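Peer 1: Single-letter residue listing:
Protein chains: 2
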Amino acid sequence: MTKTRQIKLGAFLMTDGHHIAGWRHPRAPANANVRVDHFLRLARLAEAAKLDAIFLSDSLGVRDTNLESVHRTSRNVGFEPLTLLSALSVVTHNIGLIGTASTSFNEPFHIARKFASLDLLSGGRAGWNLVTSSGEEEARNFNLDRHIPHADRYDRAREFLDVVKGLWNTWEDDAFIRDKVSGTFFDPEKLHVLNHRGRHFKVKGPLNVARSPQGHPVVVQAGASEDGRDLAGASAEAIFCAHRTLNEARAFYADIKTRAANAGRNPDHVKIMPGVSPVIGRTEAEAREKFEELQSLIHPAVGLQLLSTVMGVGDLSGYDIDGPLPDLPETNGPKSRQQLVLDAARRDKLTIRQLYLSIAGARGHWQVVGTAEQIADALEERFVKEGADGFNIMAPHLPGGLEDFIEGVVPILRKRGLFRTEYAGTTLRENLGLPFPEHHATHRQAEAAE
Amino acid sequence: MTKTRQIKLGAFLMTDGHHIAGWRHPRAPANANVRVDHFLRLARLAEAAKLDAIFLSDSLGVRDTNLESVHRTSRNVGFEPLTLLSALSVVTHNIGLIGTASTSFNEPFHIARKFASLDLLSGGRAGWNLVTSSGEEEARNFNLDRHIPHADRYDRAREFLDVVKGLWNTWEDDAFIRDKVSGTFFDPEKLHVLNHRGRHFKVKGPLNVARSPQGHPVVVQAGASEDGRDLAGASAEAIFCAHRTLNEARAFYADIKTRAANAGRNPDHVKIMPGVSPVIGRTEAEAREKFEELQSLIHPAVGLQLLSTVMGVGDLSGYDIDGPLPDLPETNGPKSRQQLVLDAARRDKLTIRQLYLSIAGARGHWQVVGTAEQIADALEERFVKEGADGFNIMAPHLPGGLEDFIEGVVPILRKRGLFRTEYAGTTLRENLGLPFPEHHATHRQAEAAE
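Chains A and B are the protein sequences, given in the same order.
So in this note's numbering, spot 221 of the first sequence is number 287, and the numbers just go up one at a time.
So in this note's numbering, spot 218 of the second sequence is number 284, and the numbers just go up one at a time.
The shape of chain A in the complex, shown without the other chains (with noise of 0.2 Å):
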């Protein structure tokens, strides 16, 4: 481990937490899906920790269809992530700003131009986590009755990017003038018209959207299927993902950094960073208390759709909730996390009730309850055995979750080296550790003058 590799760290807001009932629990607010004072809160917090970034998912409709379970969660309704993380970026200064947004059901011009946007007015602290859509009813909001392939999806996924960073490219970073005298406001040789003809999308660009002083937003990516691998390997400056064993995190970090490398990137410059959900207590014994406290709150009815969803399956409820998990059809959903489950499943004979109160915490991501010194100690072994270059905190319930995260983990992590005292820079990609994004004319001079 070198001086300057230290922890990444983001805080991943899932509303009023990632619990599945974490919008229950005594320090959640109930209303938090339409109070934006809670996600500056949130925000404000984040950053005076110097956490990296905060993250936001994001889902194109109500996934959920059975309302005898819908009914009974938060988490299907609130703020669209573009708009509420534009409303954080004027009232915060160096923490990140990454939203999720899918290529499945968008236009590359629309993406390009609300993440550039985003980045302008936050000084250049924007991340765009690209995902591709899995979910029918995310499909049947947008003219179609199924959806796409999964195959097809990330082949319209990979010439998305192309156009989205072709866009982000319109520009160079000197083409503003702005002579009031001779009347010039830009220079037209620094103006670069895209063009593009594909498969799946005409572009002919400019972008209306000027660069930031972080060049473009950072490119984050969270599919972990061999075609999200590829993609990620090739062109993500961020991953989120989602394993729960050392191993499993290990083989992750050493496959992507491998791939970064196969094509010809430095593989300093994907940072990966999985998912944890940490429930804190002073003693070891009071973690599992506080834990217990929430798993007790999952309605069955709740426990049994949510391990539909993660699966990728239909209605779960014919089974019993005490017996094993049936064999499973493959599905169109996303398939590495179902993996995961699945392989949780059979290797630990878990029972239906048992898988779910086992994702409940944390979809599938690595769940981790003890005290501050011991989820320090887990983080540190993972981070120094090259399972992760940082993590996304996923907080049981918000803000309390955060908070116990920020006041008992973070400074011990400081404490030890690995995690900074101050911000390195104003933009993400300087926090980050990632190079800016040379302009590819300015890219080509360079190369002439050698």
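Treat the hints with care, as some may be off.
Note that the list lumps identical chains together, so a pair holds whenever it fits in one copy or between two copies.
Simulated pairs of lysine to aspartate or glutamate, EDC-like, Cα-Cα distance not exceeding 20 Å [what the hints assert, rightly or not]:
(1) Lys268 to Glu203
(2) Lys323 to Asp334
(3) Lys256 to Glu359
(4) Lys356 to Glu452
(5) Lys268 to Asp211
(6) Lys246 to Glu134
In short, the hints are calculated from the structure, not lab data.
In this text, all values refer to a predicted model and were calculated from it rather than measured experimentally.
With chain A's structure known, arrange chain B on it following the hints.
Peer 2: Same frame as chain A, now just chain B:
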């Protein structure tokens, strides 16, 4: 005129000003298109003066492909309206936030969701200015080689609006119970799934954003063609329009109010707010001088291109700039504004140069040049004679031109009892005097109870 009828005022924020050469004015910051603090200042200025709303137009691309002119103007590159308004929502408290979004190259689910999110972020201050896109250059950013014809655009717009309003009626206002003890987050009977299947769209819903304190965003429109007026009479709650003479304004006003009444609506519930661009001096001569100073900053290439854009025609550079406007073929552009400009050219026998100078200040909108008293008189006349319910102020340069209007004209209107001294409420609907849109289910219950 009843005692309660007062002028509504919007501040139309066109980056550094509405005058095409506004960015070259000494009082305008040349880098406004990348400065969020410029917009923060403008929003606070408008709010301190108790204006009803700020208003942002939109363009889905750089419309002007003529490099010779475009590199001499500032208005092709800037923030995206929804992200910018979201940023402004958390640093303002009363002022409305109206953003433009096209129905031609968007999906209704995205628009319904993002504006609903802005509406919640702002505590019920959002407005959506529904437009159709007429620029070929915009079409080319969205997989098309040419633009869709005018009539088809409006057919799509009508259905688009139906879907958006349907999605905004997903949740009844009291749907969210949030009872931690029983674990009931919402009342499933108060969730309404849209299931829209129409000619242009299949959108199932439900929307994943709750209703706001004003129910849903105010629906604003700008189209003034026959198709546009039809849609506006049936659905718009505020109309932003362009009329240079009192007679034009009165005819339009009467027409829209009649259409609204014919559609079974209260004509008071559609507020007609034409644009007006004021240049204010201590004397009329000083105002003229200020205006001429701005006009002198227009490069001929910019003037010609502006004229081409407003007229929806191609390159005019082949014609004698000091000769008359040639006969032009009918185009696919915005019908009404084109006709207004043509009428003015023929009526006043203007040369091409005179014509572009005549629209440079306000792009075909009403240009007033005079003392604050003269401008207040002109606004009062148009308001009292039912040519307008209010005005969208298009300052020639920003922030200076808006400061001049607020310091000069607003106090006079206020002294005459024509403009508010305090906000009527915290929502845009309360301030504009628009009714709360009852949820259709609530509506049906009220009918059943009668």
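Peer 1: For every hint, state whether the structure bears it out.
Peer 2: Cross-check of the supplied hints:
no. : hint             : result
1   : Lys268 to Glu203 : between (27 Å within a copy, 12 Å between copies)
2   : Lys323 to Asp334 : within (8 Å within a copy, 64 Å between copies)
3   : Lys256 to Glu359 : neither (59 Å within a copy, 30 Å between copies)
4   : Lys356 to Glu452 : neither (30 Å within a copy, 66 Å between copies)
5   : Lys268 to Asp211 : between (24 Å within a copy, 8 Å between copies)
6   : Lys246 to Glu134 : between (63 Å within a copy, 16 Å between copies)
The structure does not agree with the numbered hints 3 and 4 stated previously, though it agrees with the rest.
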